[in-house]
Each structure stands twice: as structure tokens, then as C-alpha cells.
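There are 2 protein chains.
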Amino acid sequence: MKFTINRNAFLEELSIVQRAISSKTTIPILTGVKLVLTSEGLHLTGSNADISIESYLPVSTEKANLQIEEEGAIVLQSRFFGEIIRKLPETTFTLEVMSQNQVKITSGPAEFLVKGIDADNYPHLPVVEATNQLKIPINVLKSIISETSFAVSLHESRPILTGVHFVFSNNELLAVATDSHRLSQRIIGVMNSEEDFDIIIPGKSLLELSRSFKENEEMVEISIMENQVLFKTPSMSFYSRLLEGKYPDTNRLIPTSFNTRIEFNVPTFLAAIERASLLSHEGRNNIVKLRIDENEVMIHSNSPEIGNVQEELDYKSVSGNPLEIAFNPDYMKDALKAFGNIEIALNFIEPLRPFTIVPIDSDEQFIQLITPVRTN
Amino acid sequence: MKFTINRNAFLEELSIVQRAISSKTTIPILTGVKLVLTSEGLHLTGSNADISIESYLPVSTEKANLQIEEEGAIVLQSRFFGEIIRKLPETTFTLEVMSQNQVKITSGPAEFLVKGIDADNYPHLPVVEATNQLKIPINVLKSIISETSFAVSLHESRPILTGVHFVFSNNELLAVATDSHRLSQRIIGVMNSEEDFDIIIPGKSLLELSRSFKENEEMVEISIMENQVLFKTPSMSFYSRLLEGKYPDTNRLIPTSFNTRIEFNVPTFLAAIERASLLSHEGRNNIVKLRIDENEVMIHSNSPEIGNVQEELDYKSVSGNPLEIAFNPDYMKDALKAFGNIEIALNFIEPLRPFTIVPIDSDEQFIQLITPVRTN
Chain A
1 MKFTINRNAF LEELSIVQRA ISSKTTIPIL TGVKLVLTSE GLHLTGSNAD
51 ISIESYLPVS TEKANLQIEE EGAIVLQSRF FGEIIRKLPE TTFTLEVMSQ
101 NQVKITSGPA EFLVKGIDAD NYPHLPVVEA TNQLKIPINV LKSIISETSF
151 AVSLHESRPI LTGVHFVFSN NELLAVATDS HRLSQRIIGV MNSEEDFDII
201 IPGKSLLELS RSFKENEEMV EISIMENQVL FKTPSMSFYS RLLEGKYPDT
251 NRLIPTSFNT RIEFNVPTFL AAIERASLLS HEGRNNIVKL RIDENEVMIH
301 SNSPEIGNVQ EELDYKSVSG NPLEIAFNPD YMKDALKAFG NIEIALNFIE
351 PLRPFTIVPI DSDEQFIQLI TPVRTN
Chain X
1 MKFTINRNAF LEELSIVQRA ISSKTTIPIL TGVKLVLTSE GLHLTGSNAD
51 ISIESYLPVS TEKANLQIEE EGAIVLQSRF FGEIIRKLPE TTFTLEVMSQ
101 NQVKITSGPA EFLVKGIDAD NYPHLPVVEA TNQLKIPINV LKSIISETSF
151 AVSLHESRPI LTGVHFVFSN NELLAVATDS HRLSQRIIGV MNSEEDFDII
201 IPGKSLLELS RSFKENEEMV EISIMENQVL FKTPSMSFYS RLLEGKYPDT
251 NRLIPTSFNT RIEFNVPTFL AAIERASLLS HEGRNNIVKL RIDENEVMIH
301 SNSPEIGNVQ EELDYKSVSG NPLEIAFNPD YMKDALKAFG NIEIALNFIE
351 PLRPFTIVPI DSDEQFIQLI TPVRTN
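These protein sequence lines are chains A and X, in that order. Under this note's numbering, the first residue of the first sequence is numbered 1, with each subsequent residue one higher. Under this note's numbering, the first residue of the second sequence is numbered 1, with each subsequent residue one higher.
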């Protein structure tokens, strides 16, 4: 294998596949990045136990200026190789595999000789059959991920809850995540799937996926396999394992009738919650109280060792019964951040029943649910 | 005590004194910041075992818009108090000490009640006599610090070497630091001291001092006390303890005659050293080799487990005997960074004798010394 390439174009591809590479793996070859050069272009691959990323740089990519002298393949220790490429003195470099997997990297007056590993020893990625596919815009997928993945459980005691549940049926895609204290659910209309599906994707995989898309690409193709899902764009194939098991029926958790409703502007409400959580974070119980009266809405937090905070809230409208309710302000902060700068409604039944948060002016089917805390 | 003040102007002062406050102290009151309000302005104080910082905001400071309602003093837990002030909703806030050291902080609709500590329990700062003083420009002091403090020892086995040695005599200020493997020395002319002095200031104190100066102030007054040094500007008093003991005689370490000399442009040489150190950092010995021949200068590093790198260097001029010398590239990187973007000369005696690095075109008395490594 021998090629010359623009350093920055190469680094861009490398940094994408490096997302999948961990230095902590117990399989030494997986600390490496696999390079495969064909007459059509350069493939880079990185992988760990959960995700694999393959990036593809076609020979036609102008800014890469890829000059192929000899096809071939090699695996290089990812972190160290990346550091070398980043520090090279010129805008291009040449990489050549010599005898015994020795790799020579030259750029201007600098010449590195490093040890590579035979690419035949690198694990194979799953083969995808072209059925069970769905195509959606990347920005829609990124929204769904940011709207749901924060609500997955971080505890391995119920592994199934560490994933986001994706259900496609009746030309609708539903995504829902819950850690059993709060829940976030988003539904969008999708037109072009060939079959229905029901899968659970690890939350961590989704966050990496979201960061891996290139800015200039628009659509992603989702393919479901036995234990894997593949997200494919022209320049990248992103594989994630799926979580096995049955996701709980979350639909029955979401209440539909309410006794108290209050509307807020998100940034105003969020800033007040953040102030209140300063106190709750210092205390033994991380609790903030919201009190809704006819003509006053107050937020309050108390930490006997430290002090207390109270603030009269600026709201849009309020209706229904007076109410005092206590909740974890961190769940509220996460929920509000997922909505962004819009107006929302909080809908309550009574102090110890879960309450929902929904956008006011939107056709979007986006709902969040928080379970309150018992305070006495 | 009761006052109203601009939030950002207050935060600026608070962030300066917070540099001296550690949450790890064994003296609980030192996790606090002391506020003292007089009819002339607001003093904030933070302190730990090594340094104390007092900042002063006169009532005349326009952007602070300090409204004094009642003079007084209080100590507040620094980190938590700072977080509250940062999150307040309005551009100003009011702070009032109530009974039993309860402190009320109000800003718009938000009201915090937190526990303070009686300011009488806060340790007193040393009293300074107006003798033994020296006045120098802040930018000169900052240069001296950045040119020397990186070379102090980080090991407590020889505590005296964790400080920078400052000697003032004959209207010259000499600053020198060494960790016994490398040394950095800077001399400047100073005109206005009343007495000579010879002190050792902890390197860590100097780094904090350097970061604490405000941009709009020009001169700093240095006062030497028994075990302390005070750096004073109109808005800040920065106290540091001094290291006790006798600093080694570093002057005899610096050679004055040489057999080989090579001149480099700093950024070019630094980039090559950084590439070579990629390999040396991976190996067991962190060593880079420089080989100077009549018509070629090469840098080389080898790590048997990983690979090797070599590069022909771009130099300005070379003279004297051919030479091959090995050194720790991290010391060289630190030294080069202290010079900045200029041209320097390396002066060698022989492979196992310390070599010096000096600026070429400069009247500055700035010299760095590195001890080479034996490789066989």
C-alpha cells in the first residue's frame, strides 16, 4: 500500500472513526484504525464492543488530492498514528507499507517509521442485506436523538433502559427513553420504510452517531439487522449493536387528563430552576418546590445546613387547581433544555402523580414526563 | 452590612481573590471569602497556606455603581457564594447581613438566604512596613515569571528548588529557577529600589500572581517582609510566603566557552522537536538525539517497541566541532516556548556537558541551560 494525501482531509476522516476506538479495549487490534486502499478510494475503520464506524474517502474528493500508488491494507495504533499525522510539517504526506508491516510516513523533511498490524487480523463488520430500510433526513434524526437520549438510564441494573426505544409502524417513527423517574417521547411522520420495526439502540451509540455526521450530508439510511443497526451516508457507515429484550410499555405511563396547567417561556423558567438548584445541590435531598396559587407562582428550595432560596416566577398563564409539588430540578433542567427557546405547558394531576411538559404552539408530538418527589 | 452593586464588576473582583481560595484547606474559614465594606469601598480577601489576595473596589469605580447603605464585614463560603452571584437574574444585586450572620442576597425576584461566618474569626494579613520596596512595570514582572517559573522543581525532595530565586543588587534584578536538570535565568535593570534583597518565591505563587493582574494597571510595588512578599497594585494586594533556606549558587553552573554553536528559528526548531518527542514519549527513555555535521543537522528519536523518526533540520548557521548529543525533548520544548518567536543560538562544549540556549539578536540577559542525557 502506498498513497499521498492532503493531511487535513485525512485527519477529518480519521477523527470520525476514532470516535469508535477506545484505548481500554481488551482486544488489542481494536486500539488500531484499519486503512484499506482500493482504486476507488480510502476506507478507514474503527470499532469497539458497541459501535463500528467506517468512513469512505473517494478518489474523486478534490480537497483530499488522493494519489494512489499501490492498493493495500494495514492497521495502525490509532492514538499514536493520529498524533503523528497532526504534527506533520507539510500539507500533504505519503504513507507506504514496507516489508513486515513496517509503515513509513513522510512529510517534507520528517520521516516516521512505525510498526503496523496485518489488516487480515481485523474483525469483519456485519454484512447488510438491503431489506428493512428507512431513509430520513440527518437533521431530523439528530433532533430525535437530542430530544430523547438524555432520558436513558445510566445504571446497568436495568440494561434495557440504557437504550432509546425506536418503533416504526403506520408510517410513524416513535422514539422514547425513560430511566423510570422521567420519560421523553418524540413521534415523527416518516414515509418510506419497507417494513415495520421495533428496536432498542444504546443511548451512548446514539450520542456518538449524532456527533459523527458531516455537515454537508443530508440523508441517512437506516438498516436493521439481527443484532445490529446500520446508519449509512455516502461517506460513513455507522454500526451499533442493539439491546436485547422487551422494552416496557411506556404508553400507559403518560396521563391524558389534568387538573392544573401552567405555561412558561423556557429560558425564563430554566434560569429560575438553575438558581433554585444551587441550594438543592448543596443539601441532602436534591428537591425544588413549585407552588401554584391563583395570583402567584413561587419556586423554593431549602437546605437546612446552607440556606434557602425563593423566587416569584414570571409565567404566561395558569389555570385549574392550586398545587404544591416537589421535583428533582436536574430532570426539569434536562427537559427544558431539550425544548430549546419556546413556550411550554406543564400539566399536573396532583402532587404525587407524574406531570407532563409539552410545547404550546407546535404540531410536534413531543412529550416529557417527570415523576415528582414525596417530601413528607 | 448592606450594599447594592453591579453584578459583573463584583464578579471580576471575586474571581481574583478566589484564586487564593482552596476547597481542600484544613482551616474551614479559609474556604470562605471575606467581604469588608467601609465608606470608601469594598475589600474582598481570599487566602490559603501559601498566598493571600486582597482586592479593593473603591466607591468611585463607575461601572461597579456601589451603593453603601451600612458598613460592616462578613465571611461567605466562597465557591457556593460565587455560584449564586453568577446565576442572579438582574445586572445588580443587594447583599445584606441580617442577625446571626445570616446573609440575604436579592436580585430582581430572586432571594437567597445563606449562612455567613463572623469576619472577626478570619486570620489577619501581615502588616507591611514601607521599607525594602521596589517598583517595576507589571508586564516586565509577568515576562520574568513566564521566563523562569516553568523551570522550578515539582518535587518536594528539595523544597528550595520549587521556588524562583530573586536577587536584587547593583540596580539589577536577577531571577533564576532550576530543577537541577535545567535552568532558566533572566536579568533586568531596575532603578528604584531602596535596599538590596535576596528571596525565594514559590513557583506556584508566581503563576497565580501573573494571572491576577488587571489589564489596565501598569506598575506593581514589591515589598519584602520577614517571611512574606507583597505585590501591590492600586486594586490588589497579593501576599506570598517565601521559601526559607539558601538557594544553590547557580552562577558557577553556567559555562562561558563553547566548541559548537548552531542557530535556529524557534518555531521551526520547536515543531521538529515536537515531532521527535512523539516517539520518545512512547518509549522507555524520553530522549531525542541531535547530530550536527558540517553540512547536515539531523534530529532523531527511536523507540524499539514502536518505531523511529528522523528529520533533517532547517537551521540558520552552524560553526565549530561536529557533535552528537542526547537530551530530554520536554526540557527543550519548555525552553523554546519561553523564548517565543525569535532566533536563538545553542552553545555546546561536548556531549555530556550542559549546553546553553540564548537569544541571538537581543540585549536581553536571558539564558537557559539544559543538562544532556548519557545514552550508553
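It should be emphasised that the hints constitute simulated quantities derived from the structure, not laboratory data. Keep in mind that the hints are not guaranteed to be accurate.
To be verified - Rough simulated footprint, nothing fancy, chain A against chain X, three-plus residues with beta-carbon under 8 Å:
| # | stretch |
| --- | --- |
| 1 | 63-74 |
| 2 | 84-96 |
| 3 | 107-116 |
| 4 | 328-338 |
As the list claims (entries may be wrong) - Computed cross-link-like contacts, DSS-like style, restricted to lysine-lysine with a CA-CA straight-line distance of at most 30 Å:
| # | chain 1 | residue 1 | chain 2 | residue 2 |
| --- | --- | --- | --- | --- |
| 5 | A | Lys104 | X | Lys333 |
| 6 | A | Lys316 | X | Lys333 |
| 7 | X | Lys2 | A | Lys87 |
| 8 | A | Lys289 | A | Lys316 |
| 9 | X | Lys333 | A | Lys333 |
| 10 | A | Lys289 | X | Lys115 |
| 11 | X | Lys316 | A | Lys104 |
| 12 | X | Lys316 | X | Lys24 |
| 13 | X | Lys104 | A | Lys333 |
| 14 | A | Lys289 | X | Lys316 |
| 15 | A | Lys87 | X | Lys104 |
| 16 | A | Lys333 | X | Lys115 |
The structure presented is a predicted model; accordingly, all values stated were derived computationally and were not measured. From the three backbone atoms N, C-alpha and C, an ideal C-beta is built for every residue, glycine too.
Each hint, compared with the structure:
1. 63-74: violated (count 0)
2. 84-96: holds (count 4)
3. 107-116: Result for this restraint: holds, n = 7.
4. 328-338: violated (count 0)
5. Lys104/A to Lys333/X: holds, 25 Å
6. Lys316/A to Lys333/X: Between Lys316/A and Lys333/X the Cα gap is close to 59 Å, so the pair fails against 30 Å, i.e. violated.
7. Lys2/X to Lys87/A: Distance of about 56 Å is beyond 30 Å: violated.
8. Lys289/A to Lys316/A: holds, 19 Å
9. Lys333/X to Lys333/A: violated, 44 Å
10. Lys289/A to Lys115/X: It holds: about 21 Å lies between the C-alpha atoms, which stays within 30 Å.
11. Lys316/X to Lys104/A: holds, 28 Å
12. Lys316/X to Lys24/X: violated, 50 Å
13. Lys104/X to Lys333/A: holds, 25 Å
14. Lys289/A to Lys316/X: violated, 71 Å
15. Lys87/A to Lys104/X: It is violated: about 54 Å lies between the C-alpha atoms, which goes past 30 Å.
16. Lys333/A to Lys115/X: holds, 26 Å
When the structure is compared with the earlier hints, violations turn up for hints 1, 4, 6, 7, 9, 12, 14 and 15 and for no others.
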